[in-house]
Every structure is written in structure tokens, then in C-alpha cells.
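S.K.: This is what each chain is made of:
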Amino acid sequence: MKREYVNIGGRLPRVDGMVKAAGEAMYTGDLSLPGMLHGKLLRSPHPHARLLKVDTAPALTLEGVRAVITGEDTLKFLAGGIASPGNEPYLAFEKVRFVGDAVAAVAAVDEETAERALALIDVEYELLDPVLDPFAAMAPGSPLVHDDAPGNISFETDLSFGNAQRAFATCDYVRYDEFKTAPIRHGFIEPHAALASWDTSGRLTFWGSKQSPYFTYRNMAKALDIPMSKVRIMQSYLGGGFGGKNEMFNLDFCAALLSMKTRRPVRIVVSQEEVLYAYRQRHPAWIKLQSGFMKDGTLVAVDAEIVAEGGAYKGIGALSLYLMCTFLALPYRVANLRAKGCRVYTNTQPSCAMRGHGVPQVRYAAEVQLDMAARELGLDPLEIRLKNAIQSGDTTGNGFEITSCGLSETLLEARGIVERWRGETPADSEPHLKRGIGVASYGYLSGPRMAGHNTSAALIKVHEDGRVGLVTGSTDCGQGSDTVLSQIAAEVLGIHLDDVQYGGMDSEIVPLDPGVFGSRVTFITGNAVKWAAEDVRAQLAGVAAGLLDAEPDDLEFRDRRVFVRDEPDRGLPFAKLVKSAQYSGTGMTILGRGYWAPEDIDLPRFDTGMGNQSGAYSFGTQVAEVEVDTETGRVKVLRLAVSHDCGQPINEMLVEGQLEGSSIGGIGHTFTETIQRRRGQTMNASFLEYRMPTALDACPVEVTHTDTVDEMGPFGAKESGEGVQVAVMPALVSAVHDAVGVWFKEVPITPEVVVEALGRGAEAAQNADARRGADARRDSRDDGRSRDGESA
Amino acid sequence: MFLPDFDYHAPETLAEACDLVRDLGPSAKVLAGGTDLLIKLKHGLVTPTAVISLKALDELKTITHVPGRGVVIGARATHNDLVNSPLLHERFLSVSEAAHKLANNQVRNRGTVGGNLVNAIPSADLPPILIALDAWITLVGSNTSRTVPLHSFFTGPSCCVIDPVDEILTEIVLPDQQTTGSTYLKFALRRSGALSVTGVAVAVTMDGDTIVDSRICLGAVFPVPVRANDAEDLLRGKTWSDELLAEAGEAASCCALPITDIRGTAEYRLDLVRVLTKRALKRAITEGHV
Ligand SMILES: Cc1cc2nc3c(=O)[nH]c(=O)nc-3n(C[C@H](O)[C@H](O)[C@H](O)COP(=O)(O)OP(=O)(O)OC[C@H]3O[C@@H](n4cnc5c(N)ncnc54)[C@H](O)[C@@H]3O)c2cc1C
Numbered sequence: 001m002k003r004e005y006v007n008i009g010g011r012l013p014r015v016d017g018m019v020k021a022a023g024e025a026m027y028t029g030d031l032s033l034p035g036m037l038h039g040k041l042l043r044s045p046h047p048h049a050r051l052l053k054v055d056t057a058p059a060l061t062l063e064g065v066r067a068v069i070t071g072e073d074t075l076k077f078l079a080g081g082i083a084s085p086g087n088e089p090y091l092a093f094e095k096v097r098f099v100g101d102a103v104a105a106v107a108a109v110d111e112e113t114a115e116r117a118l119a120l121i122d123v124e125y126e127l128l129d130p131v132l133d134p135f136a137a138m139a140p141g142s143p144l145v146h147d148d149a150p151g152n153i154s155f156e157t158d159l160s161f162g163n164a165q166r167a168f169a170t171c172d173y174v175r176y177d178e179f180k181t182a183p184i185r186h187g188f189i190e191p192h193a194a195l196a197s198w199d200t201s202g203r204l205t206f207w208g209s210k211q212s213p214y215f216t217y218r219n220m221a222k223a224l225d226i227p228m229s230k231v232r233i234m235q236s237y238l239g240g241g242f243g244g245k246n247e248m249f250n251l252d253f254c255a256a257l258l259s260m261k262t263r264r265p266v267r268i269v270v271s272q273e274e275v276l277y278a279y280r281q282r283h284p285a286w287i288k289l290q291s292g293f294m295k296d297g298t299l300v301a302v303d304a305e306i307v308a309e310g311g312a313y314k315g316i317g318a319l320s321l322y323l324m325c326t327f328l329a330l331p332y333r334v335a336n337l338r339a340k341g342c343r344v345y346t347n348t349q350p351s352c353a354m355r356g357h358g359v360p361q362v363r364y365a366a367e368v369q370l371d372m373a374a375r376e377l378g379l380d381p382l383e384i385r386l387k388n389a390i391q392s393g394d395t396t397g398n399g400f401e402i403t404s405c406g407l408s409e410t411l412l413e414a415r416g417i418v419e420r421w422r423g424e425t426p427a428d429s430e431p432h433l434k435r436g437i438g439v440a441s442y443g444y445l446s447g448p449r450m451a452g453h454n455t456s457a458a459l460i461k462v463h464e465d466g467r468v469g470l471v472t473g474s475t476d477c478g479q480g481s482d483t484v485l486s487q488i489a490a491e492v493l494g495i496h497l498d499d500v501q502y503g504g505m506d507s508e509i510v511p512l513d514p515g516v517f518g519s520r521v522t523f524i525t526g527n528a529v530k531w532a533a534e535d536v537r538a539q540l541a542g543v544a545a546g547l548l549d550a551e552p553d554d555l556e557f558r559d560r561r562v563f564v565r566d567e568p569d570r571g572l573p574f575a576k577l578v579k580s581a582q583y584s585g586t587g588m589t590i591l592g593r594g595y596w597a598p599e600d601i602d603l604p605r606f607d608t609g610m611g612n613q614s615g616a617y618s619f620g621t622q623v624a625e626v627e628v629d630t631e632t633g634r635v636k637v638l639r640l641a642v643s644h645d646c647g648q649p650i651n652e653m654l655v656e657g658q659l660e661g662s663s664i665g666g667i668g669h670t671f672t673e674t675i676q677r678r679r680g681q682t683m684n685a686s687f688l689e690y691r692m693p694t695a696l697d698a699c700p701v702e703v704t705h706t707d708t709v710d711e712m713g714p715f716g717a718k719e720s721g722e723g724v725q726v727a728v729m730p731a732l733v734s735a736v737h738d739a740v741g742v743w744f745k746e747v748p749i750t751p752e753v754v755v756e757a758l759g760r761g762a763e764a765a766q767n768a769d770a771r772r773g774a775d776a777r778r779d780s781r782d783d784g785r786s787r788d789g790e791s792a
Numbered sequence: 001m002f003l004p005d006f007d008y009h010a011p012e013t014l015a016e017a018c019d020l021v022r023d024l025g026p027s028a029k030v031l032a033g034g035t036d037l038l039i040k041l042k043h044g045l046v047t048p049t050a051v052i053s054l055k056a057l058d059e060l061k062t063i064t065h066v067p068g069r070g071v072v073i074g075a076r077a078t079h080n081d082l083v084n085s086p087l088l089h090e091r092f093l094s095v096s097e098a099a100h101k102l103a104n105n106q107v108r109n110r111g112t113v114g115g116n117l118v119n120a121i122p123s124a125d126l127p128p129i130l131i132a133l134d135a136w137i138t139l140v141g142s143n144t145s146r147t148v149p150l151h152s153f154f155t156g157p158s159c160c161v162i163d164p165v166d167e168i169l170t171e172i173v174l175p176d177q178q179t180t181g182s183t184y185l186k187f188a189l190r191r192s193g194a195l196s197v198t199g200v201a202v203a204v205t206m207d208g209d210t211i212v213d214s215r216i217c218l219g220a221v222f223p224v225p226v227r228a229n230d231a232e233d234l235l236r237g238k239t240w241s242d243e244l245l246a247e248a249g250e251a252a253s254c255c256a257l258p259i260t261d262i263r264g265t266a267e268y269r270l271d272l273v274r275v276l277t278k279r280a281l282k283r284a285i286t287e288g289h290v
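Those protein sequences? They're chains A and B, same order as listed.
For what it's worth, our numbering labels the leading residue of the first sequence as 1, then goes sequentially.
For what it's worth, our numbering labels the leading residue of the second sequence as 1, then goes sequentially.
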């Protein structure tokens, strides 16, 4: 049942909008402290080499250089690691493992001096054979990236329920395909930045650019071997993250250690070029996928072998691999699933989470294969999805409990959109321009259960003028969570959004919180804020009950007033109530406290993929229309539509922002973005050559809300941050197929790839027509595996 | 990634600028918008001890029509000056459109025509359309002034005939001409902020449906912007048809000698020459200077 809210559901402007638009928002790189030094990192130019010598003495003689540190100056703490210990040094010792691995760091009076000092550090390398391809890496006799990882295996997941092999024998139709996705970048505009200040009391104050400041807090204490109470993590605004700013990085550590050594504040801001070649990427994946169906389209069994290139270090890759495997169980019912995943080390930049975290790769494969199967079986792509769509009340074979699900509604919505678009689409205007429409669906989690601390927390302080301050450990990396969380507090307290001031991150006061990843903030932190606000309300209700001679439970908080329900005149202004509580008698300090995490969620089994991963799951369907120029191979995305179920949207405008951003991002992932490397060197470490879509490449995005109300979510809300990234690629790939009759099993589909697939010159357009025609004519087959004739 | 130290000059007159170029010799570099030069300086690819900025020379920024000479574009005119010039809109919209396809708005606000020519990279967007329109340029030295047809200005990647220790490029002249249509088609991997994979410019002189003459210039497929003579010869005097234009595209591809790089393979670039030449010709024939 939907309810009427004041601060929930509408299109309220973001609370940080004005300062950001005015250019007043201070990001970490904008901060400076008196006496501050500037740091720079020396990076390996080799993909794989033994460190024979790192001589810092020449650099130290340069005027203005205050300190130089190498791996030998550190405690050799190894970062990263989920499910097993990490293996990433903040400064390399013994070996470097990718081009960009940090070898030393300098602090100097200005950035220029620091950079000049880097050139003076004398490093002797013994070059080792690099492993640059995951399959070569797994081959016997391949050089090892880590001596303790035979076969360069970083992590393995083997998920199995039902019996896929046996079930295939009962299927009317089984098909097998191989898919591949590209290494891509998060593309945040604010580069990594850190400012650290160490004082003689042994206390470190650190300003970072982090989605999860408490991860840095924890690792900082360990890496420097200092008590957590001596680490103070602060943060103001964040210029984008998309999963690339979860972990603590070498620059964070080096700023702190250099400050410790010099007793001066040290700031390190890396260049965008460094971000692009020396930090994180999305796991490229090779996916072998076999699916079995009955004639009516029922999905019976899925078998997948996934190889994910992990790059040089473990990081949080076990979670990535786990998600790749488990999301073969969603968003369709399937009784038999086997998913074997293998994360492999190579001498390239480390892979980590990125919007959708592993799921876009496998769902691209699975959704495209579903469409292929639908064509072969003579079924409509929407019908086959409706046939198999998961429903609320279902539990997947590996234990995902689907408590609310609007997938079928989104598919019905999408059917309307497709029909309308088909009606609106003119006939091909020129022989070389072909239009097509595609659909794909997704399911996603609202916050994954992590192995360690999982609880979000919030504090609300009430000011005597009736305004409140709210803090949580969840940061706003652009997605709008400061606004959403403030709305939740305002709704519970019956005040206006303007009355809530969202505070920045400061570990001195802000409670421990895992931060921002896995689409957890609205769902998990949102509940914590709700609880904190209810705590405030209960404290104030106690006072108001005395003043109004009423029962606390009979009081209503609305429109900056507190009054007896059904007797609106018996009440008083919220501000007056606060003042009464604070000023009379002994006086109260009104602080609200809330913490929350879904109960009864299983600890994740990264090795088997079993267990319920999240308290709620979101769903949606994406529709795409494209126009393919068969002569140049250029694909123009004409429009996109998303129909989605994120529970109750807390802020419709912000949800739309997420849907639009994801959709446009997906255009880049499908058509233009890939990291180009040669012998381990990144060839396109700039935004000129690493081509994310610009405003001109974007297209209109239609959004329809087909929302459910999730019982567990705050005001019924679920996630809407990452799920929407999942279905864009397959919808676009399917639209391209609809246009030219070719299935692309590898992304990105660059113009050149399209030309290669269609043939050259005038024959390309004929080929496209012939292939489209063949598809339309093909009847359902009652046996066997398909050929791969029309694939590229 | 930092600018090295250098002496900075901003002469007030062209004569002063030319004297400085001569006096400072090979240790100096001329600076216009800086969108190429500053990047090279930061990467240490060039290491001048002095930089001579042209920023005070406003006389090099105008776009005017001089009867008897043609449309005269000052070398310091920015790409957005070209984009927004009413004179170009009236006479050679194709030049405005070509400038608009270059880089992104920020770069177009700073980058200049002169810089785009002297920088002389094979994928530059202005040379093809200017060559197709038979432009010539003026190079002024401390004691000399000469005019050079733009098609013989480029000698190789990053090389041109300008005397770097004596000359400044002052103007580009689009002569009054008989051409009836011209256009530049750029193919890049994104709509904005991307260098050309291939660019093709054409200018045609039509008499009814007869192609009296044409100039076709290909970008990013040869060490310098190159005229597709074979295609031009094939078209001369013929009545246009789609088949003829496709043949011209084929002939143009024989004039290209592209390389494979991160933006595309040589083979794909030849595909693009075929397609873009055909399409550019049709556009110029049927739509005029666009
Ligand atoms: C992000 C980005 C995108 C870009 N995209 C494109 C693109 O799509 N297409 C394209 O063609 N270019 C592109 N460029 C390159 C560049 O912007 C252009 O070539 C621009 O026109 C250069 O002009 P400028 O005035 O900035 O030259 P500068 O950098 O000032 O100078 C370039 C060279 O020319 C010399 N020079 C300049 N003016 C004169 C003169 N009057 N006389 C003698 N020598 C002179 C300088 O000494 C220097 O060697 C791009 C650049 C960037 C940074």
C-alpha cells in the first residue's frame, strides 16, 4: 500500500546542488593546510620486474625535497582481500606487478619539485616476463604474478544447485555461446586525492576522497600500526566514485607516512592520467555460457564458466567473482545452475568493483543469449522474459529471497514502449541506415552482506531553533544520498528538508559505517537514519506528551508542528518543543541514534555462492533503439527507456538521474570504451582517447516507475543505483541485432567491428537485410544446439 | 607534467614578433592558443627557452572579405571565431562547419587556425577543407613575406615549409572562386572531443548535373593532407550519379596510405575514405557550401 508523504517521493532538489553548481564545494584536492608539502608517486614503467635497488639519495639532495619513502620504509602491510588475506603493498618491495605500481613517494615544497625529485630516484629493475592474458597466465609454466598463487589463480567460485548437466538432456533446445567484455574505467572526474596531517601526539588527521572512509580508517591504522583512536578520517565532497574509490590506495598511505616522517601536512593529488593507467578497472570477463530451454521458452538449466581478469592484486575481487556467478540466478527462475568462476592474476592494473560490480558482464552474456534463444524458438523477447521472470515470494536456488518484485510489471510496461516505438519509427530513410529495438531486464541487490562489519549508523543532533544536523558514514559520491537521507530524517520528524543539515564525514563523531558500495545506502543507511529520527521523535514525544497532556503514541509530527492526532489545534511548534525540552528542568540533550542492517542475511559464501545476499532486490527492464550506419559501422543510440522497480522512490528526480546516468554510461561501455594496452602499457590514458560518451553522444531516456513497496526498505525503498547499469549493454546489443541481424558477443562494438561483421561497401546493407530477413523467417527448432553462423 | 621555465614575450606588433622569432632562433617557440604547444611543453616533447606569444596581435584575428583577394582569415582566429563568422556562413559555411567538428567547445575557444596548420598533424581537421577550397597562406619573416598554396605547405607529420627561425603564419586566404559546393565530413569515434579517424573534404564546381571540376582532400590517411587526384580526374566533365560517386570513392582510396593506430586500422580507414568521399561529393553537389 502506498502512503502519502511530505518529504518522500517527490522531486526535491539536491541539498548539495547549489554549492556544487556555484563551484564552492571543496573537494580534497582543494584543501590545503599551513606548511603543507606536496607528494608524488614514482611508478613502475614495467609490467613485471624484480626490484634490485631503489636509491633515494640523489632525490634527497634536490633543494625542496623533504622526504622520500620506499617499500623498505613501510611495515609491508598488504592491502585488500576478501575471503582471504590481501596481497597488495602500498609501496612495492621485491617486485612490481604492473605498469603504474608505486615504487617510491616524495614529499617536497611544491609539486614541481616533487616531480623533479622522482626523476632522480635511481631504480634498478630486473625485467621478468609479464603475463598479460588470463589464459596464458593459467597455462602451465607461465610466470607467476604472486609466488603463492599457482596457475595465477586469484580466487575461484563454484556455484551449483539442481543438476544442470542432467537437466540439459531434458531440454528441447540448448545453446552454447562465448562472450567477452572489455576492461573499462569508472570515469570519475575528481582524481584520487589525499591530505594527511600527523602531529606529535601521534594522531593522524586524514582527508580523503573515499566512498567508504571507514575502509581507509581501518587499513590506515593497520598499515601504520597505530591505534584506531589516533586515526581521524574527514571528508567533504566527492567527485564521483562508481566503485573506484572504495579501497584505500597507495597515495592515501604515502600521504600519511610522508606526513609522519616530515611532521608537515602532505597532500597528494594524482593526475587523471595516473587514474587511468595506475588505478582500478572493471574486470574484463570471458564467459562461456550454455542455457537449456523447453519449447515454450521455459529456462531449465544454465551452465557458465567465467574467467575474470583480476590484474595484479586481489583487492576485493572475490566479491566481484561471487557476484558474477550468483547473478546467473537472477532475474529469471532457473532450477538448475552451475557457475564456475575463476579470477586470474595478470600484470595489468588491478580490477575491482564498478557500478553493477561484475553483474553487467555476466548479464550481458545471459540476456543476449536469452534473446538468441527466443529467436530460435520463435518467441518474442519480452514473452520469454515474462515466462521466466522471478516473482515476489520466490527464493532462488542459491538462496536469494525475493521479498518484493515488480519485474513482470516492468516487462509489461516495456511491451507498451516497444509497441509505441515500433509505431513511431519511420521506414529506413536510406539504404545504409538500419534501425532496431532491443530489450533486456535486470535484478540487483540492495546492499550485499559483507563478511565483516555490515551495519550502517546515523546520528541526529537537534538544534534549539528546531533544525537538525544529520551525519552518517555513507558518503555522497554524486548519487544524491545526502539528499535522500536528509529527506528520510525530515519525513520522520515532520520538518522540512531545509531544516536538515547533512554533515560531512568525520570519524571523531560519525559512527562506523561500511560506506558506499553495492547500492546499500538508501536501503541500509536509510533505515539507520529512520531509526535515529524515530529516536529523536520518541525523546521529544515524551516531553510533548507532558506539555500537551496526551499519550506519546497519540502525537503526530508534521509540518514543523507536534500535535495530538485528530486534534490538530492541540499542539505546538516543533522548535518550541525542542526549546522546552532543552531549557526546562535539568534540560535534555537531544541526540538521536540509529543503526541498522538487515537481519537473517547469510554471511556470503564467496566460494559456493550460496546464501541470501541482501535484504531486498530491485528489478527493471531496459529498452533501446539504435540506428546503424552499415557503411561506416557507426551505431547511433536514438533513445532508451527504463521501466524499473526500486520500491518506493525516495526522490523521483534522483532516481531518474541514476537511470539516465547508467543508461548513458552503458552507451560508452557498449560502443566506445575500452582500455587499449600494448605490452602492458596503457595506450589511451586520457579522456581524449579513452572515449566516454559526451553530452552529444547521449540520447533521451524515458523513465517509468512501476514501483513496489518493499516491507524492509525505509518507506518501502530499494536500490536504484547499480541495477540500472546491468541491462543497458544487452538491450543495446539486442537492438543492434534487430537492426542488422548480427549478434555481437564481444563489447565494445566499435564501428570497425560492425564493418568487419557486415562486410564492406554496398553489400553491407544487403547483408544486414538478408540477415534480418533470415531471423524473421526462422522457425522454432525442436532439437539440438544452434549454429553460430550469424554471430560476430 | 609541469611547464618548464622559459622567457615569455608578448610582442605588440607583427614586426616586433618577427624580429624576436629571428633573434631568438631555434630556442624559441611561437605560441597561439597553446592547445598543442602547452601539452608538448608539459610532456617535455619540446624544450624552448623562450616563448613568443601572438596574443597582442589583434590584427591577426580578423575574418574579412578583401575584394580581389577573397576571404582573409587571420592566423589567430580561433575555431569558434570561424564557427561564428557571418562572413563564412555566407560564403563558405563548410569552413565554419569543419571548425565546429574540431575538438570540443573549450578547445575551440582557444585553439587557432594558424596553430592547427603549423602543428601539421595528419588528422588535423582544418587543412582538408581549406585545401579543397584552394586556400593559400601568407608567411611573414623579419624581412620577407611570401604566399604559399596550402596544398604544398605540409611536408610530413608535424612538418611544414614554414621557416621556424624566421617566419610567422599571418593569414589564410580563401580566393574568390567558381566552386558551387563544398563540405568536410569527419569520422571520429565520438561526437565531440575526438580526433579524426578519417576526414574528407571536397569542393565541386557544377554546371547543372555536370561536374566541371572538383577538389578532394583526405585527412588522417597519409603523412600529410592529400589530394585524391585519381578521383578528381575520374569525375571531371562527367554527369554525376550515385554510381559515379561510389567509383570516385574507390579511386580516392587508392590515393591514401593510412597507418594502423589506436583509432583504427589502415584497412578501416580505407573503408572510410570510400564512404566519406562518396557522401561528401553528394552533399557538395546537392547542397552547396555546407
Ligand atoms: C582535447 C583536445 C582535442 C583536440 N581535438 C582536435 C581535433 O578534433 N581536430 C584537430 O584538428 N585538432 C584538435 N586538437 C589540436 C589543437 O587544438 C588544434 O590543432 C589547434 O588548432 C591548435 O591551435 P593553437 O592555437 O592552440 O596552437 P598552439 O598550440 O599555440 O601552436 C601549435 C603549433 O603551431 C605553432 N604556431 C601557432 N601559431 C602560429 C603562427 N601564427 N605562426 C607560426 N607558428 C605558429 C606553434 O609554435 C606550435 O608549434 C585538439 C587538442 C586538444 C587539447
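No lab work stands behind these hints, which were simulated from the structure alone.
Certain hints may be false.
Under 10 Å between C-beta atoms, here's a sample of chain B residues computed to sit facing chain A [said to hold, decoys possible]:
hint, residue
1, Met1
2, Leu3
3, Phe6
4, Tyr8
5, His9
6, Ala10
7, Ala103
8, Leu195
9, Arg227
10, Asn229
11, Ala246
12, Ile259
13, Ile262
14, Arg263
15, Asp271
16, Leu272
We treat Cβ as the ideally placed atom computed from N, Cα and C, and that holds for glycine.
S.K.: Compare the structure with each hint and give your call.
M.R.: Here's how the hints hold up against the structure:
1. The interface hint given for Met1 of chain B is met, as the beta carbon of that residue sits about 6 Å from the closest beta carbon of chain A, less than 10 Å.
2. The restraint placing Leu3 of chain B at the interface with chain A holds, with a minimum CB-CB distance near 9 Å, inside the 10 Å limit.
3. The interface hint given for Phe6 of chain B is broken, as the beta carbon of that residue sits about 14 Å from the closest beta carbon of chain A, more than 10 Å.
4. Proximity of Tyr8 of chain B to chain A is violated relative to the hint, the smallest CB-CB distance being about 17 Å (cut-off 10 Å).
5. Evaluation of the His9 of chain B hint against chain A yields a violated restraint, the C-beta minimum of about 22 Å exceeding 10 Å.
6. This hint is violated: Ala10 of chain B has a C-beta 23 Å from the nearest C-beta of chain A, more than the 10 Å allowed.
7. The beta carbon of Ala103 of chain B comes within 9 Å of a beta carbon in chain A, closer than 10 Å, and the hint placing it at the interface holds.
8. For Leu195 of chain B, the suggested interface contact is upheld, since its CB lies about 7 Å from the closest CB of chain A, less than 10 Å.
9. At its closest, the beta carbon of Arg227 of chain B sits 22 Å from a beta carbon of chain A; the interface hint therefore is violated under the 10 Å criterion.
10. The interface hint given for Asn229 of chain B is violated, since its Cβ lies 22 Å from the closest Cβ of chain A, which is over the 10 Å cut-off.
11. Interface restraint check: Ala246 of chain B against chain A, minimum CB-CB distance 7 Å, threshold 10 Å, status holds.
12. Taking 10 Å as the C-beta cut-off, the interface hint given for Ile259 of chain B is violated, the closest approach to chain A being about 14 Å.
13. Restraint check, Ile262 of chain B versus chain A: the minimum CB separation of about 5 Å is within 10 Å; hint holds.
14. Hint on Arg263 of chain B holds. Least Cβ distance to chain A is approximately 8 Å, under the 10 Å limit.
15. Look at Asp271 of chain B: its Cβ gets to within about 6 Å of chain A, closer than 10 Å, so that hint holds up.
16. Taking 10 Å as the C-beta contact cut-off toward chain A, the hint placing Leu272 of chain B at the interface holds, the least distance being around 6 Å.
Checked against the numbered hints above, the structure breaks hints 3, 4, 5, 6, 9, 10 and 12 and satisfies the rest.
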